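K.L.:
Spelled out from the first residue to the last, the chains are:
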Amino acid sequence: MIKLILTTNDVLNIISNISEVIETNRQYLTDLDAAIGDADHGINLDRGFKAVKEKMPQFLDKDIGAILKNVGMVLVSTVGGASGPLYGTFFMRMGNVVSGKNTLDENDIVAMFEAGLSGIKERGKAQAGDKTMIDAMEPALNELKSTLSEGRGLKEAIEAAANDAYNGVLMTKDIAAKKGRASYLGERSIGHQDPGATSAYLMIKTVADYVDKLQQ
Amino acid sequence: MIKLILTTNDVLNIISNISEVIETNRQYLTDLDAAIGDADHGINLDRGFKAVKEKMPQFLDKDIGAILKNVGMVLVSTVGGASGPLYGTFFMRMGNVVSGKNTLDENDIVAMFEAGLSGIKERGKAQAGDKTMIDAMEPALNELKSTLSEGRGLKEAIEAAANDAYNGVLMTKDIAAKKGRASYLGERSIGHQDPGATSAYLMIKTVADYVDKLQQ
Amino acid sequence: MKKLINNPDEVVKEMISGFLYAYPSYLRKLDNVDVVVRKTSPVDGKVGLVSGGGSGHEPAHAGYVGKGMLDAACLGAVFTSPTPDQIYEAIRAVDGGKGVLLIIKNYTGDVMNFEMAKEMAEMDGIKVLEVIVDDDVAVENSTYTQGRRGIAGTIFVHKIAGAKAEEGAELEEVKEVAEKVIKNLRSMGMAFTPCIVPAAGKPSFTLDEDEIEIGIGIHGEPGTHREKIKGAKEIVAELMDKIIIDLPFRDGDEVALMINGLGSTPLSELFIANKEVNEYLLGKNINVYKTYVGEYMTSLEMSGFSISLLKLDEELKSLLDASADTPAFKQFK
Amino acid sequence: MKKLINNPDEVVKEMISGFLYAYPSYLRKLDNVDVVVRKTSPVDGKVGLVSGGGSGHEPAHAGYVGKGMLDAACLGAVFTSPTPDQIYEAIRAVDGGKGVLLIIKNYTGDVMNFEMAKEMAEMDGIKVLEVIVDDDVAVENSTYTQGRRGIAGTIFVHKIAGAKAEEGAELEEVKEVAEKVIKNLRSMGMAFTPCIVPAAGKPSFTLDEDEIEIGIGIHGEPGTHREKIKGAKEIVAELMDKIIIDLPFRDGDEVALMINGLGSTPLSELFIANKEVNEYLLGKNINVYKTYVGEYMTSLEMSGFSISLLKLDEELKSLLDASADTPAFKQFK
Ligand SMILES: Nc1ncnc2c1ncn2[C@@H]1O[C@H](COP(=O)(O)OP(=O)(O)O)[C@@H](O)[C@H]1O
Ligand SMILES: Nc1ncnc2c1ncn2[C@@H]1O[C@H](COP(=O)(O)OP(=O)(O)O)[C@@H](O)[C@H]1O
Ligand SMILES: [Mg+2]
Ligand SMILES: [Mg+2]
Ligand SMILES: [Mg+2]
Ligand SMILES: [Mg+2]
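Chains as they are written, first to last, in this note's numbering: chain A, 165 to 380; chain B, 165 to 380; chain C, 4 to 336; chain D, 4 to 336.
Possibly wrong hints are sitting among the right ones.
[As the list claims (entries may be wrong)] Think about it this way: if two alpha-carbon atoms lie no more than 30 angstroms apart in a straight line, the pair counts; the simulated BS3-like pairs of lysine-lysine are: (1) 293/D with 336/C; (2) 70/C with 231/C; (3) 42/D with 336/C; (4) 205/D with 337/A; (5) 342/A with 205/D; (6) 32/D with 320/C; (7) 289/A with 245/D; (8) 342/B with 70/C; (9) 336/C with 245/D; (10) 32/C with 293/D; (11) 217/A with 293/D; (12) 342/B with 226/B; (13) 183/D with 293/C; (14) 183/D with 16/C; (15) 214/B with 293/C; (16) 336/C with 205/D; (17) 245/D with 293/C; (18) 245/D with 70/D; (19) 70/C with 217/B; (20) 319/A with 342/A; (21) 293/C with 32/D; (22) 42/D with 245/C; (23) 5/C with 214/B; (24) 70/D with 342/A; (25) 16/D with 183/D; (26) 333/C with 233/D; (27) 32/C with 70/C; (28) 233/C with 217/B.
[Said to hold, decoys possible] Now the in silico label distances, taken between C-beta atoms and shown as ranges: (29) 309/A with 12/D: 53 to 63 angstroms; (30) 289/B with 214/D: 28 to 38 angstroms; (31) 263/B with 214/D: 55 to 65 angstroms; (32) 315/A with 127/D: 31 to 41 angstroms; (33) 27/C with 253/D: 19 to 29 angstroms; (34) 289/A with 127/D: 48 to 58 angstroms; (35) 324/D with 32/C: 30 to 40 angstroms; (36) 34/C with 192/B: 34 to 44 angstroms; (37) 290/D with 289/A: 55 to 65 angstroms; (38) 336/D with 100/C: 26 to 36 angstroms; (39) 289/B with 32/C: 45 to 55 angstroms; (40) 34/C with 264/B: 25 to 35 angstroms.
The hints are simulated quantities; they were obtained by calculation from the structure and are not laboratory data.
Computed from a predicted model, the values in this text were never measured in an experiment.
All residues carry an ideal CB built from backbone N, CA and C; glycine is no exception.
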């Protein structure tokens with residue numbers, strides 16, 4: 165099995181795909197936020213990724229680290245709310261880890277994801293089980309690592325990660341929020357799916373779908 | 165045919181009956197006002213006649229002139245809006261004409277009605293055809309006078325007056341308002357019945373019903 | 004009907020009570036009548052200013068009683084003119100020896116009730132003059148009708164006549180400047196949704212989800228016509244076209260501008276309207292000297308707004324700039 | 004959705020434009036970011052006060068930029084915290100050499116965005132401190148959650164910290180008095196109807212014709228529970244019971260009171276609520292020193308209100324009494 169490698173071009177494509185997925189799910193994410201938050205999560209992310217898309221031409225000649233850092237900065241300065249600094253930090257931290265690189269291998273991807281997630285945890289002081297985006301990301305990261313360590317390759321690993329992210333999303337329905345706006349609802353937040361976990365899953369799934377279509 | 169005469173007691177009964185009729189028609193008059201005014205005519209009059217009823221015990225030992233003046237003053241100080249000063253003036257002027265009397269004959273009644281109506285016209289500067297309470301009152305007064313002049317007695321005369329008041333009310337549907345709040349609507353007021361004409365008719369009809377039941 | 008009330012019939016009484024609790028240093032209520040006057044009334048050697056109208060237009064008019072504006076406000080039932088006895092007591096309470104000016108909005112009921120009170124006060128030897136505000140251009144003026152309505156522009160009359168009276172002017176002078184304001188004042192409004200008079204318990208009219216009412220009055224009276232909903236720019240242009248042409252306001256004029264919310268329209272939307280009005284006026288080279296955006300004369304929870312434009316000269320500018328300190332209108336010089 | 008707007012996506016931009024047209028003598032906007040600052044910023048030798056939050060709460064916070072209150076307000080998208088770059092520019096624009104205090108409402112997003120900006124400004128060598136307002140007693144405080152929300156009581160922080168800064172106090176002193184306010188401040192709200200975020204185009208929740216939401220936030224976030232509609236007296240008692248017991252406010256305390264309308268609730272109804280609050284407090288022998296009734300921190304066109312109570316001491320009283328002159332908060336000393 166040939167090891168899969170992501171190029172700068174792949175990264176740009178994935179970001180562009182994520183923009184589209186967010187646009188498509190703008191209303192869905194907003195509706196989820198209406199139930200337990202303030203009805204803006206889809207609107208916020210869509211505003212951010214639209215700005216990212218607009219700035220994309222300026223990133224074309226940059227390395228992957230710089231691209232991701234720029235994406236993070238655009239998100240930070242356009243999304244606002246809770247998800248802005250969180251996703252912004254996520255992308256900036258990922259960029260930091262792969263600074264100067266023009267290709268990403270398995271190890272890079274794990275390291276990036278790990279750094280991004282710690283960034284989110286530091287910034288938001290939340291942990292798994294608080295009914296946040298972390299509930300999609302942490303199981304995904306764990307699954308990514310264990311699948312890769314079994315030598316099953318990036319394609320399968322990211323697909324497995326996306327599956328576990330999805331399970332994490334479903335799990336957020338069963339728990340009460342401890343962080344973010346939904347926490348004000350206390351027990352009343354139970355039964356509702358977390359919008360941030362959902363958007364995190366959608367992004368991971370977008371990566372999986374892209375990788376799945378790559379020639380090996 | 166014995167000439168019918170109204171006593172102080174009759175006047176008190178009639179006022180009390182009017183209070184009841186207004187209460188019963190509070191919503192109806194308000195709904196009429198909603199269409200071309202500000203949805204308060206029934207509420208206004210009901211507030212006023214409730215106050216009259218409350219003050220009634222203080223009028224019991226007074227003459228008819230004083231009773232009617234007092235009713236007018238209570239209406240002026242409780243109804244507000246356009247109809248307050250108008251109906252208030254109407255009752256006060258009627259009271260003036262029969263000052264000191266304890267019975268009313270045909271001539272008194274015509275004179276009272278005439279004085280009351282001129283009071284309304286002076287105060288409101290409106291005339292027949294402007295789509296106001298005058299459109300019920302003026303035909304009623306004319307009919308009262310002509311029926312009496314034919315010697316057909318008070319009972320029949322007041323009944324005929326009430327009929328003509330009713331026709332006047334129906335006629336208000338066909339014309340545009342030139343006075344009062346409905347005049348802001350211009351042509352759009354056509355098709356709607358004037359609330360003030362309606363309440364004027366209801367009062368005249370109440371007098372007719374009362375007189376009709378009197379022993380002759 | 005979802006309202007923050009106890010009893011529809013007690014709304015005015017309880018509102019006044021809450022109003023007095025809020026502003027004890029500004030106001031007091033007269034005994035037995037729904038009239039609020041300045042704490043220090045009558046003010047010696049100052050012309051007294053009395054206004055009022057139906058309730059449901061808060062903060063008008065009680066919110067404008069205080070230094071630099073009114074001396075008394077008479078509160079009628081919701082959307083119903085106050086009664087002559089109330090107004091008469093108000094006149095007596097604020098006459099500081101220089102006479103009293105009544106500021107009346109042009110509604111049949113208001114005019115009749117104020118004029119009856121005026122006659123009563125004159126019998127007591129009090130000098131009383133009146134001005135009648137009729138700023139609403141929605142309604143065609145005609146000698147055959149009641150004439151135009153008085154709406155939110157009335158606040159400019161309170162402000163400017165109030166400043167003049169505060170300077171110690173004579174009754175005739177105060178009346179004169181009030182009339183100058185009225186002559187140079189034009190307004191027009193529109194609504195997205197109706198309001199509910201508490202005692203009625205239901206809306207006085209209905210509008211479809213995509214309908215708006217142009218030329219609405221401040222009592223839920225229907226306006227001049229209905230149309231399909233459109234953008235803020237188009238709505239503003241429709242109102243402004245009628246306002247501008249009426250005076251007319253001309254190239255080079257200086258104006259005071261009021262964007263008045265009728266109740267439910269968020270302040271953010273009033274600011275959007277203000278942007279559109281300013282751009283419209285820029286296009287006509289009419290210069291906005293001072294702007295007021297907010298809820299100055301409401302219609303309970305009606306959604307909608309009105310625009311008022313007052314053409315200024317040097318006298319009106321300096322009186323408009325004078326300081327004022329009332330519960331609902333505060334301005335530093 | 005019936006709104007006085009042109010385009011749901013341009014609401015904030017156009018609102019700011021209309022806001023600037025209205026108050027050119029008070030404010031200016033920073034280039035490229037949605038931040039308004041005092042016309043004269045930075046004020047030399049004065050601690051700079053920066054606040055902000057999502058839009059849709061007008062007049063908060065831009066309406067409070069001016070003498071005696073804020074130096075800058077950062078405007079986020081509707082109901083969405085402003086971003087770090089905005090806040091960073093605000094800090095830079097108002098630092099008059101004595102440092103800057105950030106007044107943040109306790110929402111995850113606001114706290115994170117403001118703190119990122121603080122870190123950026125500190126790298127420039129600007130002294131920045133922050134206070135976090137969490138006056139809403141509806142939400143149980145717990146170390147496991149985000150903690151309480153910041154709602155309308157925040158205006159008291161602006162007012163009192165603003166007065167302290169205006170006196171020339173040092174950054175630490177301004178922060179200290181702001182924290183004293185926060186420690187003595189409690190609020191709670193309720194809603195009759197939801198609001199509609201323009202970009203969403205539909206209400207964020209629904210309530211039946213006879214249902215109310217108790218403990219609502221200012222972003223359409225659901226509250227603590229729903230119940231059948233009841234009278235003003237009962238609603239006030241429910242909110243006050245939670246507010247009073249929390250600090251607790253006691254027999255003999257002096258308080259400042261704010262009755263804040265969330266958008267559609269008429270001023271007349273807010274005064275009825277004020278009557279009920281005053282009678283409630285009289286019963287507990289708690290003395291109202293100063294009252295504010297109006298729309299201070301709204302939720303677009305939501306119908307409902309909140310009550311805020313601030314326990315006062317001599318220092319807070321004198322700072323609360325200080326004069327202030329901003330577009331939305333004017334007070335003579
Ligand atoms: N402290 C936190 N840590 C991680 N994620 C968080 C935190 N707070 C909120 N979130 C995530 O952010 C999402 C809400 O984002 P968004 O609606 O854009 O912001 P806001 O709540 O400010 O309106 C939540 O669904 C949750 O997943
Ligand atoms: N100038 C007038 N002369 C005679 N009647 C009038 C005049 N103006 C109004 N009215 C009558 O008053 C009625 C409205 O009364 P009401 O609703 O109580 O007062 P308002 O119009 O002040 O709300 C109208 O239907 C009309 O019949
Ligand atoms: Mg949200
Ligand atoms: Mg009426
Ligand atoms: Mg009326
Ligand atoms: Mg938000």
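K.L.:
Determine whether the Cβ-Cβ distance between residue 34/C and residue 192/B falls within the hinted range of 34 to 44 angstroms.
P.N.:
Given about 36 angstroms between the Cβ atoms, the range holds.
K.L.:
Please test the hint of 45 to 55 angstroms on the beta carbon pair from residue 289/B and residue 32/C.
P.N.:
33 angstroms, violated
K.L.:
Mind checking the alpha carbons of residue 70/D and residue 342/A for me, to see if they're no more than 30 angstroms apart?
P.N.:
39 angstroms, violated
K.L.:
For the pair supplied as a hint, residue 289/A and residue 245/D, is the alpha-carbon distance within the 30 angstroms limit?
P.N.:
29 angstroms, holds
K.L.:
For a C-alpha distance cap of 30 angstroms, please report whether residue 293/D and residue 336/C respect it.
P.N.:
This hinted pair holds, its Cα atoms lying about 24 angstroms apart.
K.L.:
Are the Cα positions of residue 70/C and residue 231/C separated by 30 angstroms at most?
P.N.:
Given pair residue 70/C, residue 231/C is violated - Cα atoms ~44 angstroms apart, limit 30 angstroms.
K.L.:
Could you grab the alpha-carbon distance between residue 319/A and residue 342/A and see if it respects the 30 angstroms cut-off?
P.N.:
34 angstroms, violated
K.L.:
Would you check the hint for residue 5/C and residue 214/B, treating anything up to 30 angstroms between C-alpha atoms as holding?
P.N.:
27 angstroms, holds
K.L.:
Between residue 42/D and residue 245/C, is the straight-line Cα distance small enough, at 30 angstroms or below?
P.N.:
35 angstroms, violated
K.L.:
Between residue 315/A and residue 127/D, is the Cβ distance one that fits in 31 to 41 angstroms?
P.N.:
Check failed, 49 angstroms falls outside 31 to 41 angstroms.
K.L.:
Per the hint of 25 to 35 angstroms, is the separation of the Cβ atoms of residue 34/C and residue 264/B within bounds?
P.N.:
33 angstroms, holds
K.L.:
Please work out if residue 217/A and residue 293/D have their alpha carbons no farther apart than 30 angstroms.
P.N.:
Distance ~52 angstroms between residue 217/A and residue 293/D Cα, so the pair is violated.
In the structure shown, a violation is registered for the earlier hints numbered 2, 8, 9, 11, 12, 13, 14, 15, 16, 17, 18, 19, 20, 22, 24, 25, 26, 28, 29, 30, 32, 34, 35, 37, 39, in ascending order.
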